[in-house]
Structures are given as structure tokens and as C-alpha cells.
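S.K.: Using the supplied hints, reconstruct the complex from the two chains, each of which is provided in its own coordinate frame.
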Amino acid sequence: MRYIRPSSLEDAVGLLANASGKAAILAGGSDLLVRMKGGFIEPDVIIDIKAIDALGRIIENDDGFVIGAAVPCAVLGENTALRNAWPGVVEGARLIGSKQVQGRCTIVGNLCNASPAADSVPALVAAGARALVRGPAGSRTIAVETIPVGPGKTSLAPGEIIEAILLDKRQRHSGDAYQRFTPRTEMDIAVVSAAVNLTLNDQGVVEKARVALGAAAPTVLLVEEAADILVGSRVDDGALERLAEACSAACRPIDDKRGTVEFRKKVAGVLAKRVALTAYQRAGQK
Amino acid sequence: MDTALEDRFPTCPLSLTINGKPYTLDVHPWTTLLDLLRSDLELTGTKKGCDHGQCGACTVLIEGQRMNACLKLAVTLEGAAITTVEGLGTPEEMHPVQKAFVEHDAFQCGYCTPGQICSTIGLLNEGHASTREDIRELMSGNLCRCGAYTNIADAIEEVLADRASYREAAE
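From first to last, the protein sequence lines stand for chains A and B. So in the numbering used here, spot 280 of the first sequence is number 280, and the numbers just go up one at a time. Count along the second sequence from 1, then add 286; that gives the number in the numbering used here.
Possibly wrong hints are sitting among the right ones.
With a straight-line Cα cutoff of 30 Å, these simulated DSSO-like cross-link-like pairs (lysine-lysine) come out [claimed, not checked]:
#, chain 1, residue 1, chain 2, residue 2
1, B, 307, A, 50
2, B, 385, B, 334
3, A, 22, A, 153
4, A, 286, A, 169
5, A, 22, B, 334
6, A, 208, A, 286
7, A, 273, A, 208
8, A, 50, A, 37
9, A, 273, A, 257
10, A, 257, B, 334
11, A, 153, A, 50
12, B, 334, A, 37
13, B, 334, A, 50
14, A, 22, A, 50
15, B, 307, B, 334
Read the hints as simulated data drawn from the structure, not as lab findings. Predicted model only: the values in this text are computed from it and were never measured.
The shape of chain B in the complex, shown without the other chains (with noise of 0.2 Å):
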């Protein structure tokens, strides 16, 4: 950008952490942090769908809270723990929730999977879910075209099955 430009429009210093990994950037103030995401560093595994919250594509945690990374100005989150769907598992050890997705085919063509992942973290984050209405309910913010609901909450009740015996294992 030209120095002309920059002055009229100026950014703003942000520091936080991506994935564990610490960045300190400069933004534009307009900046969401989904363009931050995909544009800026590159990490386009939190999708855009409809840019305008009602889809749920671009689903991220930020402080374990999940939340439409297209709605949130990246200049608001100076110091926050970001959590994308990079930084969750590896194909070789995958996060359970992401196993599970698998393993139920809880997916046709993926493009809302990043999202849904993330949201589910989210929701056993908060723990109000415990029957599968609840799991319809709560993970309504994420549409999926392809139509695979269905294997989608089977595989988070099953997440929170196993979360339940785990936990009376330990009880």
C-alpha cells in the first residue's frame, strides 16, 4: 500500500495467538477476523459461506467460545486465544470430534464441516446439550446444504456419549 493510502487509512497494532502460535500483526480496522484467517495468514480451513452470520461456516473458538469469525473485527481481539479447525487434530491424530465426524460420515461435500467441528467443541464447551434435540437445538447456527444433519448428530451424541462414560470412569 502507498503511503498516501496509509495515511488515510491507518492500521492498528493486534497481537494474539492463533493455534497456540503467537502473531503480532498490523490490521485494518474493517478487518474481520475470517479475512485475517484466509487472506492474511492463510489458514482457510475456517470456510466462508455466507459472510453475514447465518450460516455458520466460519465457526471458530475464540477463548473456547465459539463464534462466526465473519462478524468479529480482528482489531477487537487484541490478547485472545483463537482456536481454528488447523489447530485442532492432524490426520493422523485426529480430535474426537473430528473422528467422529468420520466415522459417521457426518459430511457430503465438507465445505461446513470446519464450522461444525469448531461449533460442537463449542456446545460440549458449554454443556448444555445431553439429548439429541438438544443437539439439533444447539447446532442450528450451522447449515449444511448437502443435508447431513442426520449423521452430523450422530456423531456429536456419540462425542457425548463417550464424554459420559469417560467421566463416570473417572468418577
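So here's chain A without its partners, still in its complex pose (with noise of 0.2 Å):
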């Protein structure tokens, strides 16, 4: 096993491209690492992009906000503007692991683990966020929920690296939410999920919704026979019982020690109401 630490991103492509043998990336390494431990995987070349200063920050431009593939969870969570422009990206990105593991996990990293119960990545879905992924080919941007195929696989090619994720500038009465379902309040995985991102009109009218579940199914589901449910409502009770009921119906659970499908599928539908409630009120206050 060697470990290489490039400068530059192109150095990062290449090396990944041209590895004989297994290449891993290694950014906050808190999933690696353990997969590494377990016998998952046994890398040939682990290459670690974080002395690559570009993937290091996050910058807020015009068009929204990039986020470095190498940014820690912790550092979203101290960043004022994105904290408020996506609560509930930032809601998601704080739950993973412990404060520890949070100064080093990447939400990038959370989303190339392809695990169906990834707390980052159904905000990521719901926000509507895209990655930028730079590859032997080139670059080409795509939307953040065709990355995971199924659990532990992505939809990227060989050689291809996820630089960034990027977060659309916020309109006006826009919020999202997150929430999860587990046993303990802390250090558990999620065994359902749900998160919700709703644009209104001034008169307080769902003009835009996106709907996402988290161990609902093989990946993270994006559902948007419950997001066409909200827009024209303002998320009242009739509103909510038919959201429920479409989120319930979308999933495609496991049973397992941690929950049966027909709970998975219950609390499914209980948390979408809880998180449009709250993405609602948010943004009915910008």
C-alpha cells in the first residue's frame, strides 16, 4: 500500500486514473478507514486530496454556494451564510457521527459511500444540490441523487473524482428541513429518514417542493409524486395526511435489526409531515 498526497486536482485524476491496482480517495477518512479495518477494502494507492486548497473551502458566488469535496461536516455547521441560506443541509451534515468524526467527515465522502441511510445526502437530494465531477474526460455536472446506484456503489466512472458539491443561490421564502428516526438520540444510524425544501409564493402558497427519503430503499429516494402533493398548499393538515401517505407508499425498505419495513414505511410518512411543517415555517420567514 502507498499513500500519495497530490497538490493539485489534475495530479489527483491522474494518479487515480493511471493506479495499478485498487486507488482509494481519502478526505476525512472516518468511512474509509473503518471499511479499510473491516476487510471491505484494501486500497493499493490511498490518495488523500486534502492538501488540494481548492477542495479545502467553501465559496459563495452568484450562483450559490461550492462546496470543496475535502470541506469537513464541522465547518458547514460554522459557515453563517450557508447555515441560513440551507438549514437543512447543514441539519443533515451535523447529524453524521460524533463531534470528532465531524470535524473530518465530508459531505462528499457521505455521498460516495453510498450508504442508503447517509444523513447528508437526502437534504443534498431535496436542495435539489449537483456535484462537479472532474474525471480523465473532463468535467461534467450532475444531479446529486444519480450518484448512488445501490449500497456502497456510485454511478461514477473509473478515474473520476467528485470536486465539489454545489448549492443554488436561495430564493426569497425558501427553507428546508432533515430529520431521522433512530433509537438514541446520538451516534446511531438512521433507520428512516426525510427531508423536505419548499419555495413559496408571497402568499405563503408551495410554488416549489422536492421530497427525499433515507433508508427507504437500496438508494436515497427522491420522490415527487409527494412533492407534487405540496405545491399549491400551504402544508395543512389535508396536505400532509396525503404527503404521509405518498412517502409511505414510495418506500422500498429492508427488515432488519434496526427496523421492519412496516415500521420503516409508518415513520417514513410520520417524519415527511414533521419536516415540511418546519421547512414551511422557515420559509415563511425569508
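M.R.: Structure below.
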């Protein structure tokens, strides 16, 4: 096993594309090291991307936010502008692991680990976040929900690296929220989770909505039929009931030690209602 | 290690500071900071609990920030300054956090304690805790199987209060 710490993205892409044997990217390492210790992955080369300056920054520009692939989740929480614009995204990022882990872990790592229960991914999907991907063939920008294709599997081609996550500039009257269910309050993995992102018109009617569920299927789900129910509503009781039904119906969860299919379906609906109300309140305040 | 093995698994040079003392080492790329501390340098104050980043027993300070040593590859720490529980105080002259833990009996078996103490110092450096609820939330990455949480929170509350009164006196 070799360890390499390139100082430019071009070098990192080159190393990844030309590596003989298995290459692994190291950012925070909170998933990679656990997978190595468990014997799930034995990389021949570890490419540490933390020395690449551009990947360690959060940039706010006219289009929104560019969050570098090596930015730790704790740093997202320290960024006031990001917290105000995308509170749901920050909420998800700050539920990963412990405070110690949050000092290291990244949302790009959380996304590429491709766990259906990843805490930051439902909020990113609801936010309509995009990933800026760099590879041997050049750059491309793709929707976050197209990246995980199954537990532990992504759609990235060999040699590709996610350079940054892009979040749009926040429109007026917009809000997002994320919640998960866990038996204990800390240091646990989501049994099921939900994120909602809303934009309202001046009358407080929902104009745009996105709804995402976590740990409810092999990948994080974007539930368009649930979003359609919220559009045109003021997130009243009737809309919330139909939202819950649509979310429960969209779930394709598994039975495991952390929850049954029946439980996950029910709780997905309950959480969707709760986060829809929080997102609606947040949107109304802006 | 014999030469053939050495060729197959080359080591990397690493210079860093631990508890104020400079070290120049050769480490394997897969060696974690925790294994470096405990097995290679015999600094066994830092404990190995789960070895998966879930229990916080191995928490150390890297440039003043708390981190799980089990999830950190040593090779990534070129030039870093690490503080472990051995670098905080002595039995005669304890660090204020160590003193508060002793005074409040904030442990039973003591295995999680070095991690709890380093995590507390990290929490103080971050500066986000002001209430007991904040302490419970921000210390949630350090598990105590004896269940000494009440006394741990008492100890940290006292250190926070002392810091506040010290700051007021200075102003």
C-alpha cells in the first residue's frame, strides 16, 4: 500500500486514472478507515486530497455555494451564510457520527460511501444539489441523486473524483429541513429519514417542492409524487396526510435489526410531515 | 522486518510533535495515529475502545482540535502537533480539566477518561458550550460504559464556570 498526497486536482485525477490496482480517495477517512479495518477494501494506493487547496473551501458566489470535497462537516455548521440559506443541508451534515467525526468527515464522502442511510444525502437531494465531477475525460455536473446506485455503489466512472457540491442561490421564501429516526439521540444510524425543501409565493402557497427519503430503499429516494402534493398547498393538515401516504407508499425498505418494513414505511410518513412543517415555517420567515 | 517484506510494504517518513516532543519516524501507510501512539511509542494513556470511531476513547488533540486517533492515518500528520493525556498535566500538577474530573469523581473504571478529558479540552477550544444541555450534546461522541455521565457533566460545568469567572475578573 502506498500513500500519496497530491497538491493539484489534475494530479489526483491522473493518479486515480493511472493507478495500478485499487485506488482509494482519502478526505476525512471516517468511512475509508472503517472499511479498511473491516477488510471490506484493501487499497493499493491511498490518494489524500486534503492538500488540494481548492477542495478545502466553501465559496459563495452569484450562483450559490460551492462546497469543496474536503470541507469537514463541522465547517459547514460554522458557515453562517450557508446555515441561513440551507439549514436542512447543514442539519443533515451535523448528524453524521460524533463531534470528533464531524471535524473530519465530508458530505462528498458521505455521498460516495453510498449508504442508503447517509444523513447528509436526503437533504442534498431535496435541495437539488449538484456534484461537480472531474475525470480523465474532463468535467461534468450531475444531480446528486444520480450518484448512489445501490448500497456502496456509485455511478462515477473509473478515475472520476467529485470536486465539489453545488447548491443554488437561495430564492426568497425558501426553506429546507431534515430529520431522522434513531432509537437513541446520538451516535446512531438512521432507521429512516426525510428531507423537504420548499419555495413559497408571496401568499404563502408552495410553488416548488422536493421531498427525499433516506434508509427507505437501496438508494436515497426522490419522491416526486410527494412533492406534487405539497405544490399549491399551504402545507395544511389535508396536504400533510396525503404527503405521509405518498411517502409511505414510495418506500421499498428492508427488514433488519434496526427496523421492520412496516415500521420504516409508517415512520417515513411521520417524518415527512414533520420536516415539511419545519421547512414551511423556515420558508415563511424569509 | 526482513528486506523482502520491507520492499513490498515500504514505510513513509514522518516528522511530528507529540506533547511538545519532536519525533522523526518511519510509518506504514496503514498505521493509525492510535496504533502509533500505543504500540510504537508506548504512549498508552490514549485508549483503544471500538477502533471504529464510535466510542471516543481514543480522542486526542491535533492542533487543539479533538479527533478520534483510530480514524486518523499517522502518515497524514506530517508537521502536526499532537497532545495526548500524557501531555496535559502530572499527578502533582494536574490540568484544570483533570482536577475537575477527580473532584467530581467523573469516572468509575477510568477507561474512557483520557478520551473524555481530551474531548472536554477540544470542546472548550471550540467555545460553543454554555449550558449543561450543550455539554451533553457536544460530549455525545464520548461513551462511558460505567454511566458516569452525570459526574462528567458536573466536572465540565465547573470548568466552564471557572473559565467564565476568570474571564470576568480579567476584564
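S.K.: Each hint needs a verdict: does it hold in this structure or not?
M.R.: Structure-based check of each hint:
1. B:307 - A:50: holds (25 Å)
2. B:385 - B:334: holds (23 Å)
3. A:22 - A:153: holds (15 Å)
4. A:286 - A:169: Holds, because 14 Å separates the two Cα atoms, which is no more than 30 Å.
5. A:22 - B:334: With a Cα-Cα distance of about 29 Å, the restraint between residue 22 of chain A and residue 334 of chain B holds, given a limit of 30 Å.
6. A:208 - A:286: holds (15 Å)
7. A:273 - A:208: holds (16 Å)
8. A:50 - A:37: At roughly 21 Å apart (the allowed maximum being 30 Å), residue 37 of chain A and residue 50 of chain A satisfy the hint.
9. A:273 - A:257: holds (25 Å)
10. A:257 - B:334: Between residue 257 of chain A and residue 334 of chain B the Cα gap is close to 26 Å, so the pair holds against 30 Å.
11. A:153 - A:50: holds (23 Å)
12. B:334 - A:37: holds (14 Å)
13. B:334 - A:50: holds (26 Å)
14. A:22 - A:50: holds (20 Å)
15. B:307 - B:334: holds (22 Å)
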